[in-house]
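Please take these sequences and the hints and turn them into a complete structure.
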Amino acid sequence: MLKLFSALVERTSYCFSFVPFVAISGCFATSYAFFIFYLSVEQFAPETIKAFGLTTGGMLVLFTLLHAVGFGVLERAGIRAGLELPRRINESYRRFQDGTLLEPGALELLLKQLAEFPRYHMTVAVAVAIGVTIPSLGVEFVFSGSLRHLASGIAGGVIAGVLYCYLCYVITETLSADLRSACRRALTRRGATIPRVYGMGLRGKIGFAVAVVFFSMGMLIYFLWFCRASLLPSAGFLVITFLTVMLLVSLYLRSVKAAFDEILLAARSAGRGGGGLLHLGNNEKELVEFAVDFNGSIREIIALRRDLEAQVTARTRDLATKARELAKANERLKELDSMKSNFLSSVSHELRTPLTSILGFARLVKRDFTRAVSLGILLEGKDRVKAEKIKANLNIIEREGERLTRLVNNVIDLARIESGHMEWNDEMLDLGLCVEQAARLMEGAVERRADVEMIVKVEDPLPPVRADQDRIIQVIVNLLGNAFKFTARGKVRVTARAGGQREVHVLVEDTGVGIGPEDLERVFDRFHQGEPAPDRTAGNGLGLPICREIAEHYGGCIKARSSLGSGSRFMFSLPAAIPYRRM
Amino acid sequence: MKILIVDDEIHIRPLLEQTLEELGEGHGVRVLSASNGEEGLAAIEKERPSLVFLDIMMPGMNGYRVCRSVKG
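Protein chains in written order, with my numbering: chain L, 1 to 583; chain A, 1 to 72.
Heads up, some of the hints might be wrong.
As the list claims (entries may be wrong) - The calculated lysine to aspartate or glutamate pairs, modelled on DMTMM-like cross-linking and capped at a C-alpha distance of 20 Å, are: (1) 340(L) x 413(L); (2) 491(L) x 453(L); (3) 559(L) x 518(L); (4) 366(L) x 22(A); (5) 340(L) x 418(L); (6) 366(L) x 17(A); (7) 457(L) x 413(L); (8) 457(L) x 430(L); (9) 366(L) x 25(A); (10) 46(A) x 25(A); (11) 366(L) x 398(L); (12) 366(L) x 21(A).
These are calculated hints, taken from the structure and not from any lab test. Note that the structure is predicted; figures quoted are calculated from it, not measured.
See below:
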């Protein structure tokens, strides 16, 4: 920021450096001298030429001095004010960020300096007016020595001065309005530059035109009436004067614009970050308006910032609380998870151990008893009946023990799969081999059931699947077991085949009792059991749900198709590990 | 031939013992038992059995640790 400002100071210093001043003042002086020359052409004499030279030189010095003083003061004040405003804004912004509130009156000085802008402008206007008037008065007096000319000179100077001041006021007013709107836009972050400094708005143009007309009329009246000059030199003088004035004004405005651009920059930074308030310590209309706009925007920004900060603090607090809660919940979940895991393994251990004892001892007792009884073949009558009854009871214990073991195993399997504690030992598998292995495991059932024929058909080659062999065999054995259970006579057919390029299917079909539509819908539901099997052995209603969990774990599925009396068809499909193309 | 059963379950030990004895009848099988890991380890060192039935879930020294000690 300060760097920018030093650049600005350099630029404006250049604008107001001595050379252009001399040039401008020279133009002015020469034009005036020409006018005088034309005016006094009828009294042309060597003294006149000497007077002309003296007049020109004197006016040159006078103009230059006056302009230099006027603009020098203006420049210094302008730069001071221009430097001060952003510095103040930055300082207040820092204070705002520190949290110390801006004390009242902190920016009073700043505003005073801002107020000096138009004041210095007017100073320059007056200086220029005097600069125009005094040399002309001097020249009039030197040439004519008449008081009438002196009086007319004073009158002309006053008219010119007043109109020149009005011209300056119009320009300042236009500039000020543009500046206000630019600041407003800057503060609402829409970005702004001062758009009409070299050109003016409509109001400014009209004011300027009026000022020019009045100024010209005043000067013409002065020249034509009081000086009795001819029209052409008067008009020429006016044109040259205007051009000079315009040049001066544009130079002045260039420096003012540069300074205000910096103010704008500061205002924009204040708009972004908060910033301080301006204090109303003067009566300048434009500045009061500017300060009101500025303060309003800054207050809005401060309020917004406070609101935002409060919101951010509250949110941060909430978030921290939530994070703590989440961490706690996560901890708890982890605990629960390990508890669940421990629970599962201890339940399975605690349930299976006594079951094993019961079953084992029942089998031992049965064998011992059978052996003892067969050793004493001679048992007869009541004893024989009693022995048969004991054996039957032991059979019940054994059968029910086995059933309970199956149930416990299934429940634990299901719980493991659901809680994610099942260990899946995945490997590349040939489903055909799995089917064959499962079929071998069913050999006992096949032997017991002379009326049921098992047909195994494996398509070759099959695409491999990636899965846990034991689980896959568990599924197939389960399906086959069901098929045998519900088929009194006929066939149980198991087929492994490719299902398109991306799947492998295992079909288990039977010619058994079939499943009614109501039961078919719920066949994979837990603990759902349909009509009891012909052999009266009840399942536990968990076999198919486990099959489905396993199939779904591997992204496959299991489907049943059946109707009462026409057998069932279960299809278990798994995605192929490698897309397969039939040879 | 010596067979050692290491199991903390009071009913599983006799079940296994009886089953094994029955199975090994006439083959000169001697079934020994230990009720925890430490005892089992001591029995293995002392008796040098041909076969060990080792329970995994045991209080104190579990089956894995017993197995590791024996192998190490």
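inquiry  = I'd like to know which numbered hints this structure contradicts. Please list them from smallest to largest.
reply    = 7 and 10
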